[in-house]
Amino acid sequence: GYHGSSVLTNSLGQEVLVSSKSIPTAGWYMAAALPTAEAFSPILAMQQRVVLATLLLTLLAGLLTRWMLQRQLAPMLAAVTALTQLAETKQSPQPLPISRQDEIGKLIGGFNRLLQTLGEREKALQLSEANYRTLVEKLPVGVLLQLPSSEIVMNNQVALDLLGITEAQLLGKTSFDPSWNVIHEDGTPFPSATHPVPQAVATRAAVRNVVMGVYRPIQQNRVWLLVTAEPQLDLDGSVQQVVCTFIDITLRMQARAAL
1 GYHGSSVLTN
11 SLGQEVLVSS
21 KSIPTAGWYM
31 AAALPTAEAF
41 SPILAMQQRV
51 VLATLLLTLL
61 AGLLTRWMLQ
71 RQLAPMLAAV
81 TALTQLAETK
91 QSPQPLPISR
101 QDEIGKLIGG
111 FNRLLQTLGE
121 REKALQLSEA
131 NYRTLVEKLP
141 VGVLLQLPSS
151 EIVMNNQVAL
161 DLLGITEAQL
171 LGKTSFDPSW
181 NVIHEDGTPF
191 PSATHPVPQA
201 VATRAAVRNV
211 VMGVYRPIQQ
221 NRVWLLVTAE
231 PQLDLDGSVQ
241 QVVCTFIDIT
251 LRMQARAAL
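Residue numbers (our numbering): 1 to 259.
In silico DMTMM-like pairs for lysine to aspartate or glutamate, Cα to Cα no more than 25 Å straight-line:
id : residue 1 : residue 2
1  : K90       : E122
2  : K138      : E167
3  : K173      : E151
4  : K173      : E230
5  : K138      : E230
6  : K21       : E38
7  : K173      : D234
8  : K123      : E137
9  : K138      : D248
10 : K173      : D248
DEER-style ranges, computed between Cβ atoms:
id : residue 1 : residue 2 : range
11 : L233      : I183      : 24 to 34 Å
12 : V211      : L135      : 24 to 34 Å
13 : L77       : P42       : 42 to 52 Å
14 : E103      : F176      : 51 to 61 Å
15 : I183      : Q126      : 34 to 44 Å
16 : A255      : Q126      : 38 to 48 Å
It is worth saying that the hints were derived from the structure and are not from the lab. Because the structure is a prediction, the values reported are computed rather than measured. C-beta atoms are modelled at their ideal positions from N, C-alpha and C, and glycine is treated no differently.
The task is simple: from the sequences and hints, build the whole structure.
This is the structure we're talking about:
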C-alpha cells in the first residue's frame, strides 16, 4: 500500500522518478516512472536561467556602483589633483573647484574658506616679515638672528659692515666657527663656548654688554664690539632663536688705551 513519489534506479541503471498510487475499490496498484533528467529538466533550466540572471544583475550592479562612486567622488578627485598642483608650485592657494552643491560640495566649500583664511594669514605674515626686515635694516646697530645651534640665519647691512665680511661669508656660520678670531679686553683669547649667543642659549637668559675684539681679515684690523644676546623662548621655555646686536666701540677702546 505505499503511495507517493521517490527517486530510484531502474534495472537499466537509469535514475528515475517513480510515483505510485493504490486504487482500493479496484484492488489495483498504479505506478509511473520518468527519467529524472526529463522530469527535472525544467527545474534545471530555470536554475541555469536564475544563475545567469544573477550574474548579469551582479555585473550590472557592480558597473552601476562603480559609475555612482566615480560620479560621487569626481569632485574629491578633482580637489586632490588641484591640491597636488598647488603643492608643487609657490602660488598662493586658489579655491578648489565645486561641481555641485551636495555634501561633498559643502565640504570643498568649507576647505576653500580655510584656504582663504590661511592665504590671508600668509600674506599678513609676509608683510610682517617685510616690515621686520625693513626695521632691522634701518637700525644703527649690527643685528644677527641665530638658531639655538648659534647658526646665523639673518643679518642686516650694519652687521656686515662691522664684521667686514659679505653676507655669503656670514650666513651659515656659527659662534663656534674656527675662523673667528676674538679676544677679551685684556687681549686673552675669547673661547667660542663663552661667546654671548652660546651663553644665552645655555642659560636661556639675556647676555648684555659683552666687549669682544673681532679680527677682520679683509681689512686686517680688529674691531671692538659691545655685544648683547637676547634669547627668544618657545611656550615650553626652550630657545627658539637668539637676537644678537652689537655696536662699534673701537674709538672708545682706543681712547681708553691712549690714557
